[in-house]
Amino acid sequence: MAEERFSLRVPAAAAYVGTARIFGGAIARQVGLSEDDVDDVKLAISEACAAGVREDGDGTIGLVAERDGAILAFEIVGEDIPPPLSDDLVATPESFRRSVGYDVIRSLFPDAAILSEGDRSGRIRFAVPIGG
Amino acid sequence: MAEERFSLRVPAAAAYVGTARIFGGAIARQVGLSEDDVDDVKLAISEACAAGVREDGDGTIGLVAERDGAILAFEIVGEDIPPPLSDDLVATPESFRRSVGYDVIRSLFPDAAILSEGDRSGRIRFAVPIGG
Amino acid sequence: MLEVNGEVDIYTAPKLREKLIELIDAGNDRVVVDLEGVGFMDSTGLGSLVAGLKRIREKDGELAIVCTSGPVLKVLGITGLDRVFPVHDSVGSALG
Amino acid sequence: MLEVNGEVDIYTAPKLREKLIELIDAGNDRVVVDLEGVGFMDSTGLGSLVAGLKRIREKDGELAIVCTSGPVLKVLGITGLDRVFPVHDSVGSALG
Ligand SMILES: Nc1ncnc2c1ncn2[C@@H]1O[C@H](COP(=O)(O)OP(=O)(O)O)[C@@H](O)[C@H]1O
Ligand SMILES: Nc1ncnc2c1ncn2[C@@H]1O[C@H](COP(=O)(O)OP(=O)(O)O)[C@@H](O)[C@H]1O
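Residue numbers (my numbering), protein chains in the order written: chain A, 219 to 350; chain B, 219 to 350; chain C, 1199 to 1294; chain D, 1199 to 1294.
Quick caveat, the hints were computed from the structure, so don't treat them as lab data.
All values derive from a computational prediction rather than experimental measurement.
Heads up, a few of these hints could be off.
[As the list claims (entries may be wrong)] SDA-like cross-link-like pairs, simulated, lysine to any residue; straight-line CA separation at most 20 Å:
| hint | chain 1 | residue 1 | chain 2 | residue 2 |
| --- | --- | --- | --- | --- |
| 1 | D | K1252 | D | P1284 |
| 2 | D | K1252 | D | G1225 |
| 3 | D | K1272 | B | L326 |
| 4 | D | K1213 | A | S313 |
| 5 | D | K1213 | D | M1199 |
| 6 | C | K1252 | A | S313 |
[Claimed, not checked] Pair ranges (Cβ atoms, derived):
| hint | chain 1 | residue 1 | chain 2 | residue 2 | range |
| --- | --- | --- | --- | --- | --- |
| 7 | D | N1203 | C | G1237 | 12 to 22 Å |
| 8 | A | T310 | C | G1278 | 27 to 37 Å |
| 9 | C | R1228 | B | A220 | 31 to 41 Å |
All residues carry an ideal CB built from backbone N, CA and C; glycine is no exception.
Please take these sequences and the hints and turn them into a complete structure.
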């Protein structure tokens, strides 16, 4: 079991992506990540939550952070995080926007996982070493 | 049912009171409270969470905020929020500290409720009118 | 000149896009976006800058960015947009 | 003179108390706590100030506060501690 567990749930509306980002940044700073790592965490959370935002503002976005020894792991869960695009799919502006976001997450955290359950519901995971 | 619901859960350690305060402040600002009201919310959350902090750092503190029409209601739940002191109780420094905190919450939000279930587990509730 | 402040994410990016397009449609064909007051920007914010760039290019105009913030430069670098926009370290150099 | 910065809550209050007591035990009997850099303070932070006050009174000393921040003044007012501590609006006035 994780030594410390943090969780947050906000409406899946654009207005609250910043709330989740601030929360994640505060945890990252509190467990002792460097300011550069804190910035990376905030960016990845922002991208992940943006992927979970619904036009109608319904549904929720969940953010869980777990510190386990020297690893801080994040998971963002949304009812509306679609799987990454396959290359042959015709991109809508909306799906293009999301794929840029996924790319940003993966370049910040190469081991990031974008997992989908069915068509839309999904979770995005990434982890950061503490003091690494 | 509330129109918007926000929740957070952090370890019941002193280090994360600030995280809860920042989260509550961000929500308060986002729903449109004045900066003065945002400050009051942050102070009340800080006092409530401080009451829920456990020396051993075990357990968790939960914060739920619900916007329902023009009301933003907060609830802080902890496994270790003791009931307010009765006056004839001999105060330890610890219980005195908590009672000052409860007084601060009640002077900020006169309708605040400090509810206890049994001896220690408790919840603190207060609400703010939005645009009031 | 468009001075941007605060955090640019999926919530605030539409406002940035709107302001940029307005500025360009008002006839400005050399626009400098000053990001020095921006504490945070993600790819949705970059999308607004790209939308401005596309609009201004239709009019053969130019869009430059002023930015010295490490985190903002980082997301510009990750997306490759630092090669699409001229990025300056001061308003003077952007206008010069 | 003790300059305090950041947010003072249950996490940081013990450090404030420690520093204050140290300063007093080092022989300072007129201490000014400058709270101008404090963005947030709750009753646990006030508890540290009170602890300092008690210690300095044992030595017939005085502890004054410099504070102009609305939220910090508010919590001082709620707890009545604005009547216990001399509160000044500048370091100059506290020392004068
Ligand atoms: N957020 C972004 N980050 C990086 N590049 C982007 C971003 N948004 C758009 N682009 C780039 O700009 C181009 C135009 O994208 P877009 O604004 O969606 O217009 P359209 O859908 O009309 O092609 C894309 O092909 C991409 O290379
Ligand atoms: N956080 C606080 N806010 C307001 N007043 C306080 C606070 N802490 C202590 N006091 C005041 O200072 C006095 C001393 O409290 P305390 O430091 O607990 O010392 P002791 O337990 O030795 O009496 C209290 O009686 C109270 O009036």
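Numbers of unmet hints, in rising order: 4, 8, 9
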